[in-house]
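Residue numbers (my numbering), protein chains in the order written: chain C, 1 to 525; chain X, 1001 to 1522.
Everything labelled a hint here was simulated from the structure, so no lab data went into it. On a predicted model such as this, the values are computed, not experimentally measured, just so you know. Heads up, some of the hints might be wrong.
Claimed, not checked - Computed beta-carbon distance windows for the label pairs:
id: 1; chain 1: X; residue 1: Glu-1289; chain 2: C; residue 2: Thr-501; range: 27 to 37 Å
id: 2; chain 1: X; residue 1: Ala-1493; chain 2: C; residue 2: Ala-166; range: 42 to 52 Å
id: 3; chain 1: X; residue 1: Glu-1072; chain 2: C; residue 2: Asp-143; range: 39 to 49 Å
id: 4; chain 1: X; residue 1: Gln-1483; chain 2: C; residue 2: Ala-166; range: 28 to 38 Å
Glycine included, C-beta positions come from ideal geometry on N, C-alpha and C.
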Amino acid sequence: MKRRTFIQSTAAAAVGTQILGGVPLKAFSPKDLDGLVQAGDDNILIVVQLFGGNDGLNTIIPVDDDQYYAIRPAIAVQKQLAVPVVPGRLYFHPALDPAGAYNLRRMFDDGRLAVVQGIGYENPNLSHFRSTDIWLSGFNTSDPDRRLIDGWLGRYFADHLPDFPATLPDHPTAVQIGGSLSMLLQSPKGDVGIALTDPDKFFQLGQGLSPDLEAMPGDTAYEREFNFVRLVAEQSDRYSSVVKEAFDKGRNTLQYATNGFVRQMQLVARLISGGLKSKVYMVYMGGFDTHVQQQNDDLTGLHPFLLNALSTGIGQFMQDALAQGFADRVVGMTVSEFGRRPYENGSRGTDHGTSSIQFVFGNGVNAGVFGQSPDLTNFDSNGDLVYQYDYRTVYADILENWFGGSPDETKSVFDLSPNENILPLGVIKKTVSSVDAYEGRVPVHVRLAPNPVTDVAWIEWSQTTPAMAKVDIYDGTGRFVERVWHGAVDPGSVRLPISVTASGSYLCAITVNGARTVVPFTVIK
Amino acid sequence: MNRRELFSSLARSGRRESMTVPTDRLVLVGAEQHTGPLTLADVHHIIRRLGVGATVAQANAFVGKTADEVVESLLGPNETQHPDPPGAWVDAATENPLGADLQTRNAIESSWYANHASLSGWWVRQLARDLTATEKLVLFWSNHWTTEFSFDETVSIPQTLYRQMKVLRTNRMGDLRDLALEMTVDNAMVWYLGGHFNQVGKPNENYARELMELFLTGIGWYTEGDVREAARVLTGWRASRYNDEPAPQGIYETWFDAAAHDTGAKTVLGVTIPGRTKDNNTAFQVKMEEVYELIKIIVRQRPEAVSRFIAEKFYRFYVYSSPVDGDAEFISDVARIFREADFNIRALMKAIFTSAHFFDAANRGVQIKTPLEFVCGLERQLGVNVPTAAEWLTRMDQTVLDPPTVAGWPGYRSWISTNTYPVRRQLASDMLSKVMSNANLYNLFSSFDTSSKDAFLDAVLTHFLPVPVSQARRENYLTILSQTERQLNYTWAQVAGNEEAAARALRDVLGAIFRAPDFQLC
């Protein structure tokens, strides 16, 4: 995987002279309630793909675990060099805290970053390609013959766009910076996004490309491929001017670092600033397949270089977003197909592993650390880490809490059977849709303490009216564990004890009058 | 990005409708031989797929022959001459940039990029000129046993890539196991997938995993334990790269470091490769008794998986990139023939390309041209070189010999995006408006049947498009040709007899054809 790709090809999104840009937040007003409007309308998601498999153990450093130093004699980060973000609890690789720039560490301090530990899935696959497909499709299938060909976001939006693809929306639903369009943004009905490298060139070349031929009526392979090319031609034509307009109108308020990935983030900021109404942006960084020479003794080298770029790119983007006032509308998350094997190999590197860490950022996140430090004494049968949270629990957060989707839509996007469940992890703050607010389906604010819990934890909330309430416990993979309460509760404050027998990561789902709140908690026995 | 073409048995559960590829693609014929003489359209079909396209003269020369004759002719003999090298640099030593001063280091790195550009331009020209199946088959294998030119913070030195292409060319149509053996110890590969760092006690699993997952069986036919054991088998191979490094086998060759090899017994897929003593821990013995044995074990223990994996890879590259349930039977038949021929690649190719299935109408115009097929095909169709072809290819996301990942280019629809489609249109339009002179166009014009406007149009359409077009489209193209007649007040014969008028008519009609979505298909 090459990292120069984007250094060469991404447009240098120079700071423009335009003073104004951006789309105002849709004001809440009762006349919006006639149906389609949802609170998620202005919300934007940035997906940061880290291809190659990011080494979670050398990203968040388990400095208090001697076993970490035993299994990584050459490449471990010593405690005195790790960044004590939360002393005693959370330590970053120093490359995540580059001097000068607004960065992931400072975002954590400011309540704009969530760190999810132990993100992964059942029956881990150690192939880059299969595991990437599992992450992007949102389907975790143990059947190797089941081909994965479209993405969870592609499917979600294709179902939400009226009359797609016969009618294309005015703005591209999703924009991928660089490369060819990711599976993430493909759907059975066609691509819901565009691939974009340089808005000026796109404008110059894309104009007038609409085919002067109608779509083919039939469904033979020839006709399907014909129609596929035709749709891309139409998207090229239509969106080249929209993108160019946003690019010209948009601006950046700071000098971004000269790095391919950082430049991608800069371009995204400029497009949002200029009023492009895309819901999803996808950016990409390769090079994480660190089998060889991952890190030098002085903590320089390939992996630190990548972590530095990641932290700088997200930090500078956020700083720009804050300055321009669109920070509240953006959340982002990293995805990487797997972590590395706990034991380092003989080449100062690490081979393919399983679960890893994930960053979720933005003003809309519940900042903090989710899950426990990985257990380095209790590996799976291959000597790899055991995961704590199913990767789709974060996706469910995005769908339900950020885009305003329903639990039913979550089930449908992930093709879950009736007795399967993927619950939002709670990493995104619930944004209440205007319809729900109007009808009083407002989730309650829940406190759960102590967390982590060894014996009994108490959940508390209050409400102003009598309500039907339901409290369920699920494990980190969304599997149902037990029902704590189901019945009427009086107005006022409610306090319930919960206890779980086995150690692990859990989710507590509290549903009051049909509105669900999910709180993750950890049990240590 | 769907990132690669996975092996698929195609016998999926299909429980979710949107997950399955549509199954209405009905190809009713299978591996039985295509019979009868080939038509002009048949000839174009096979040459576009096995190679990059035909000139008018080349296509006409094959009309009336049988599929078997044409395939034999296109495959050519197994032993082939290597084309003359791109330059003297292929044998030039490389200085070690590590530890060199900045200026020297920059000079060394620049030479890598310059030599890669030289190699790329040279190879595009080979592909475009090659009237046989050879160079495209080298492309197929180099995208299967992938090596990236640039990756992480390093490169594959172009000198080693040039040598790797010779390995691929030499072994392209023989025994799959021989190809696998030579690629496993290939210098560029040993460097690219970490074999160079693979040593006893501290195995590096990178190549061992890909040997099974990407090169021979596909996912699901081995355990993580097999990966670890195979990695132990592969310990000890070292790539000579720089002029200050040991090169006991010569410059840019692979050598064997006996001290780094794990001499213990290993068990892969249930078969044990015995341990060895110091005395027989030599390059030749380890290569034959362990590396070759490892490959033979994989093929012997997983014959069905290997044969289907390779057969399907060929199918996706050469026939249709998104096979459906209905194609599985054909792929199975080809795999069986491949096994029966003891994994002889030529036999597999003959089974595909002489089959009734391959020539069926349902397999025409269903492939999205790869950038290399698009650029070299355009060159072949127009009879004029594409200037700076390698640079155009990079803009279309296919930097020559530099795929994005070890799985190669993902192919299929990933070739066409809002990033790359406009570039293809720009190139096609530039060829007509900027590159081709009236004389070039008249030359092409005169190679078609010009006896009537209708005959001329039909010849042009067969030459440039994969499938006959609708009557309405045909009428539209005829109207475009008539415009030239009308504007100049010429008869068709007068247009055909006048360079400027003929060039104008051809330019206009090709402009319209190049705008059509099916110009991207073959």
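Against the structure, the hints come out as follows:
1. X:Glu-1289 with C:Thr-501: 27 to 37 Å: violated, 55 Å
2. X:Ala-1493 with C:Ala-166: 42 to 52 Å: For X:Ala-1493 and C:Ala-166 the Cβ distance comes to about 46 Å; the hint holds.
3. X:Glu-1072 with C:Asp-143: 39 to 49 Å: For X:Glu-1072 and C:Asp-143 the Cβ distance comes to about 41 Å; the hint holds.
4. X:Gln-1483 with C:Ala-166: 28 to 38 Å: holds, 32 Å
Hint compliance for this structure: hint 1 is the single one not met.
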